[in-house]
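Take the sequences, apply the hints, and build the full model.
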Amino acid sequence: MFPGALDSEYTHSLRFVSSTESIPTYQVMDTDGRVLDTANEPQVTKEEALTIYRNMLTLNAMDQVLYEAQRQGRISFYMTSFGEEALIGSAAALEATDMVFGQYREAGVLLQRGFTLPQFMNQCYSNEKDLGKGRQMPIHYGSKAHHFQTISSPLATQIPQAAGAAYALRREGNKQCAICYFGEGAASEGDFHAGLNMAATLGCPVIFYCRNNGYAISTPAVEQYRGDGIASRGIGYGIDTIRVDGNDTWAVYAATKAARAIAVEQNKPVLIEAMTYRVSHHSTSDDSSAYRSKKEVEDWSKRDNPVARMRAWLEHRGWWAHGDDADISKSAKAEVLAAFAAAEKLKKPAVRSLFEDVYDELPPNLQREKAQMDELLKKYPDYYQINDYARS
Amino acid sequence: MFRLLATRCPRRIALARPARCYSAAVEASVEPIRGLPLGVGHSKLLLRSVAAVRASSELQALGVAEGETRKMNMCQAVNDALRLALAADSTAVVFGEDVAFGGVFRCSVGLSDEFGPERIFNTPLTEQGIAGFAIGMAAMGHTAVAEIQFADYIMPAFDQLVNEAAKYRYRSGNEFSAGGLTIRAPCAAVGHGAHYHSQSPEALFAHVPGLKVVVPRSAVQAKGLLLAAIRDPNPTLVFEPKVLYRSAVEEVPVADYALPIGKAEILRPGKDVTVVGYGSQIYALENAIQMVERDMPGVSCELIDLRTILPYDAETVAASVNKTGRLVVSHEAPRTQGFAAELAAEIQERCFLRLESPIERVCGLDVPHPLIFERLYMPCAVRAYEAIKRSLSF
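Here the protein sequences come in this chain order: A and B. Per our numbering, the very first residue in the first sequence carries number 1; after that it's consecutive. Per our numbering, the very first residue in the second sequence carries number 1; after that it's consecutive.
FYI, nobody ran anything at the bench for these hints, they're computed from the structure. All residues carry an ideal CB built from backbone N, CA and C; glycine is no exception. Heads up, a few of these hints could be off.
Residues from chain B that keep clear of chain A, each with C-beta distances beyond 10 angstroms, as calculated [said to hold, decoys possible]:
#: 1; residue: Ser57
#: 2; residue: Arg70
#: 3; residue: Asp89
#: 4; residue: Ser90
#: 5; residue: Pro124
#: 6; residue: Thr126
#: 7; residue: Arg171
#: 8; residue: Ala194
#: 9; residue: Pro201
#: 10; residue: Lys263
#: 11; residue: Glu265
#: 12; residue: Pro297
#: 13; residue: Ala345
#: 14; residue: Phe352
#: 15; residue: Ser393
Examples of chain B residues lying across from chain A (beta carbon under 7 angstroms, computed) [to be verified]:
#: 16; residue: Asp98
#: 17; residue: Asn122
#: 18; residue: His192
This is the structure:
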């Protein structure tokens with residue numbers, strides 16, 4: 001046959017292929033937290049399950065506090081993860097050294113990786129302890145120690161990067177993979193197509209994890225694409241693909257675990273399309289009531305709440321007592337507030353970090369600009385509020 | 001060289017007194033603002049009243065100074081221009097990410113209801129797609145007005161704009177062109193945008209023959225320049241400083257009018273130094289001039305809004321510099337390879353023997369736009385004030 005389609009057979013009926021069966025959505029538990037097929041009962045310890053659940057509650061507590069902080073003008077921007085908390089299940093299924101390429105709504109992954117509340121707060125406050133040195137907007141986290149590449153705002157740029165990172169991991173030969181998170185909107189960018197195609201052709205151990213939450217800011221999924229979601233595209237690229245219930249922590253966990261095995265054992269990319277719903281506004285710059293009804297949002301969060309599903313599962317297991325939630329939420333909130341108060345007191349990073357890291361060292365133009373800036377700050381210390389910055 | 005300057009420029013001597021006066025009396029001050037109200041909200045350059053519109057010679061020449069006006073901010077003025085363009089041209093369409101519900105800055109609000117979803121539509125999230133789609137419509141002779149949600153996100157469209165839109169006419173021997181294409185993109189700093197919601201990429205596109213690049217400073221300007229861009233038979237990029245969307249409020253003529261592309265505007269005349277900028281930077285320069293004139297009695301500064309970055313109006317700037325002998329150019333984008341470098345080179349070529357001091361550039365720093373250091377990054381009124389003083393006291 002032709003070199004461009006090796007397995008194709010000849011046919012004598014003139015037929016355009018249009019629709020195929022919709023790819024099913026893998027589910028482990030129902031919305032009441034009951035495992036539907038006992039063969040799928042999660043193989044996890046009580047401590048593992050409770051860690052995931054506690055992180056979900058902590059994520060909620062952090063989101064509540066920081067969202068309010070933004071509303072009060074104490075930080076400049078924020079994005080919450082409400083409705084998408086089951087994403088934490090994917091992080092739980094990975095090795096701690098697998099490299100993460102996030103989009104921006106993956107704070108849960110970092111929590112599961114052990115990024116601390118003070119680290120979150122320091123970033124959102126752009127203070128002197130922010131690993132990113134105050135240069136990026138809030139929620140643009142990143143940490144080498146947590147194998148989490150720093151978030152950048154442009155969409156989908158991380159997708160081909162994850163393929164390249166995975167290729168590097170493959171060459172290192174330590175059976176590690178990369179995971180790349182992105183939304184269904186980002187999947188419309190050219191970088192999505194480039195990244196998946198390169199990962200497939202070059203045999204990259206990378207998990208592409210699409211958070212299909214139904215909205216790209218105001219644009220609903222129905223205006224974003226016409227095919228069978230994002231999953232159908234994976235098949236087009238020759239990538240092993242699964243669609244999962246993205247609000248079902250255990251479905252997410254199981255799919256990611258299996259995807260990881262394929263990636264590192266077979267040196268292949270895998271695509272997971274996790275179906276969920278963005279209960280949050282897109283960000284604090286967005287008021288989603290301008291394009292969707294409040295009732296739609298309320299109905300979703302009542303009908304299919306990832307946190308409630310996980311709690312119900314824990315209760316069925318006897319690992320969680322009614323009322324424990326309040327204690328955990330209360331202590332999580334107290335921890336968040338303490339970290340928040342501490343972060344607020346710290347100074348801005350030292351002025352020298354304005355010029356550092358553009359390159360590994362300051363080229364002549366930046367040395368000159370830095371010298372000019374030092375003079376200007378000496379001349380007008382009050383106008384430039386130099387006491388707000390750390391001394392160095 | 002030094003000798004030549006000294007003999008050819010008697011103006012330096014005339015300036016010596018106020019310059020000395022400044023250094024004696026004011027140099028000791030540690031506070032440069034001293035109560036001066038800053039920013040666009042206090043600008044004297046805006047046409048805030050009907051009388052100001054009536055008095056505008058440019059609007060008079062266009063025949064719209066006497067007509068009805070309505071108070072609009074820059075966002076509403078953009079919306080008004082889009083509505084007029086859509087009403088006048090049945091091939092015109094407006095599209096981009098989140099455009100249908102009104103856009104994230106609300107510039108296209110109401111248009112979908114008025115003109116229908118075939119003409120006002122959301123696109124999938126792909127800037128290269130948006131630009132290529134717009135070029136395709138333009139190549140068919142239609143009018144495509146596309147929005148890139150933030151200028152920072154125009155980079156995936158760079159290939160389409162630089163290699164395609166810009167060369168479409170030239171490479172086809174004028175068989176085809178993408179002239180009906182207009183790209184609108186919110187640009188520049190707002191105080192909390194950091195790397196990816198703050199950039200001013202005009203110089204990147206100003207390096208591309210075949211494109212036009214426009215940056216409006218206010219509501220009246222945005223309406224007239226956007227209508228001109230939409231009707232210009234060349235692919236045109238309009239970078240709208242988003243900080244002005246709500247803050248730049250003017251009485252705007254309700255009539256349909258187009259301001260000239262490629263023409264700078266002298267905003268206030270002066271005799272001692274020419275100060276050139278565009279977009280929101282104009283208001284930092286206005287404040288800097290107020291500070292200089294406060295501290296150096298007798299000095300007057302000429303302020304020019306370039307308005308179009310490509311093709312730019314070197315004539316107006318050169319004529320001004322031939323009068324003043326001094327030039328300060330300013331923009332928010334980083335200094336190195338920025339548009340100020342081009343203008344400085346052009347003016348030194350045209351006005352070499354008239355220059356009495358080195359051309360000063362007041363620009364963003366050569367770093368990615370940094371969130372917490374934005375106050376230091378910005379070519380603010382204080383830095384412009386210092387540069388103008390340096391120019392005057394050289």
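Inset, instruction - Any hints from earlier that this structure breaks? Give me their numbers in increasing order, please. - result: 5, 6, 8
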